[in-house]
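Protein sequence lines, in the order shown, are assigned to chains A and B. The numbering of the first sequence is the numbering used here, which starts it at 5 and goes up by one. The numbering of the second sequence is the numbering used here, which starts it at 5 and goes up by one.
Any given hint might turn out to be false.
For identical chains, the list gives no copy identity; a pair is met inside one copy or between any two copies.
Claimed, not checked - Heads up, simulated EDC-like pairs for lysine to aspartate or glutamate below, C-alpha to C-alpha not over 16 Å straight-line:
| id | residue 1 | residue 2 |
| --- | --- | --- |
| 1 | 25 | 92 |
| 2 | 25 | 77 |
| 3 | 59 | 80 |
| 4 | 59 | 23 |
| 5 | 25 | 80 |
| 6 | 59 | 92 |
| 7 | 54 | 144 |
| 8 | 68 | 53 |
| 9 | 59 | 146 |
| 10 | 68 | 138 |
| 11 | 59 | 134 |
| 12 | 68 | 146 |
| 13 | 59 | 135 |
| 14 | 54 | 167 |
| 15 | 6 | 134 |
| 16 | 68 | 23 |
| 17 | 59 | 162 |
| 18 | 25 | 162 |
These are calculated hints, taken from the structure and not from any lab test.
Protein chains: 2
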Amino acid sequence: MKYCQHCAGPITHHIPPGDDKLRYCCTACNVVFYQNPNNIVGTLPIYEDKVLLCKRAIEPRYGKWTLPAGFMENGETTLQGAIRETAEEAGAVVLAEDCSLYTLFNLPYINQVYLFFHTQLRSLDFNPGEESLEVALFSEAEIPWSELAFPVVRITLEQYFADRRQSVFPVRMFDLHYSAERQLSTFLVSSSNKSS
Amino acid sequence: MKYCQHCAGPITHHIPPGDDKLRYCCTACNVVFYQNPNNIVGTLPIYEDKVLLCKRAIEPRYGKWTLPAGFMENGETTLQGAIRETAEEAGAVVLAEDCSLYTLFNLPYINQVYLFFHTQLRSLDFNPGEESLEVALFSEAEIPWSELAFPVVRITLEQYFADRRQSVFPVRMFDLHYSAERQLSTFLVSSSNKSS
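Same shape as in the complex, but just chain A:
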């Protein structure tokens, strides 16, 4: 960020008075530009004993399999965004009244929060959108575990198959962190299964 979007004045990166964090600030009109995390919203679409996955036609992770998900947009709810992304990426329809919040992931190293909703596919009528090479249903034994695009997809699928054996689907929140050696750690922070 080099120029002010209001007055085209030069931007500096400093801690404004009364704040304790570095911000982009206009040296001409003094406006402070805050930057905040983005939400990525998606679904875990189920049909009988199978899960719908999309093969990515875009970077990052071109050619890897993922759950349908994307950036939440202004003017929509988390669930509306998840349903929209499922339609866009998988050409698939899920029913809003079947959707339950299922997993939430904090990825502070890239300023993202992922939210997945557990839901049922309305029919076998699906087809890849522009961002997908292929869309397919996978049973637990068929999941391409080594070809999944993101850790949040792997963890959501692992939880789902484990929860399905108990027929209980708690809402869980995880934190993901990378060590200095680029080693990923996952922490379960909160689960609705515990009464407290």
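Given chain A, work out where chain B should sit, using these hints.
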């Protein structure tokens, strides 16, 4: 948004090729500036049978009572943000290991998502920060229902006192919508209490 933050070129508001939504776009360098919802993160801090509330020292809703909450910042998790806001607004310490995701609210009319964590106060050592006039503990009978700052605070408190009678605290997601007549409607969209 009038000027490009990268090149100071003039910004227009139009639908870019391959998109279906109005975006701010630079007419000189063609960068598209996406705008996305913000997360507001806070806590429901409990001490014995009481809830901690803060009296707002800032607009909007100056002088009204609220749960400690504020904008999630880059580089932190939702829970880290909620704990930070509780320290900043109420001078109060809650223990991360006691915190459970409790309510999530979609407010699409102002592009916000609220997340509250249910937690326990570590001690009676609290005091108002710069954004609070007063911080106090309230039993259910003492809650100033007509003096609460925001609907998300009222709903979270109502759920808490109802859930406490059952000793079960499901994770619930609500959508808030305003009608053309500025009438607020609240919809329970998802609850972890249901097995599905």
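Status of each hint after checking the structure:
1. 25 to 92: This pair counts as between: shortest inter-copy Cα distance 14 Å, intra-copy 37 Å.
2. 25 to 77: Intra 26 Å, inter 10 Å, cutoff 16 Å: inter-copy only.
3. 59 to 80: neither (26 Å within a copy, 30 Å between copies)
4. 59 to 23: neither (44 Å within a copy, 21 Å between copies)
5. 25 to 80: between (29 Å within a copy, 12 Å between copies)
6. 59 to 92: Only inside one copy: residue 59 and residue 92 sit 13 Å apart there, 44 Å across copies, limit 16 Å.
7. 54 to 144: Answer is within: at 7 Å inside a copy they meet the 16 Å cutoff, but 46 Å across does not.
8. 68 to 53: neither (22 Å within a copy, 50 Å between copies)
9. 59 to 146: Close inside one copy (14 Å), not across copies (55 Å); limit 16 Å.
10. 68 to 138: Answer is within; shortest intra-copy Cα gap is 10 Å, inter-copy 53 Å.
11. 59 to 134: within (11 Å within a copy, 50 Å between copies)
12. 68 to 146: within (15 Å within a copy, 55 Å between copies)
13. 59 to 135: For residue 59 and residue 135, the Cα distance is within 16 Å only inside one copy (9 Å; across copies 48 Å).
14. 54 to 167: within (14 Å within a copy, 34 Å between copies)
15. 6 to 134: neither (33 Å within a copy, 31 Å between copies)
16. 68 to 23: neither (42 Å within a copy, 23 Å between copies)
17. 59 to 162: This pair counts as neither: shortest intra-copy Cα distance 18 Å, inter-copy 44 Å.
18. 25 to 162: This pair counts as neither: shortest intra-copy Cα distance 37 Å, inter-copy 35 Å.
Of the numbered hints listed earlier, those contradicted by the structure are 3, 4, 8, 15, 16, 17 and 18.
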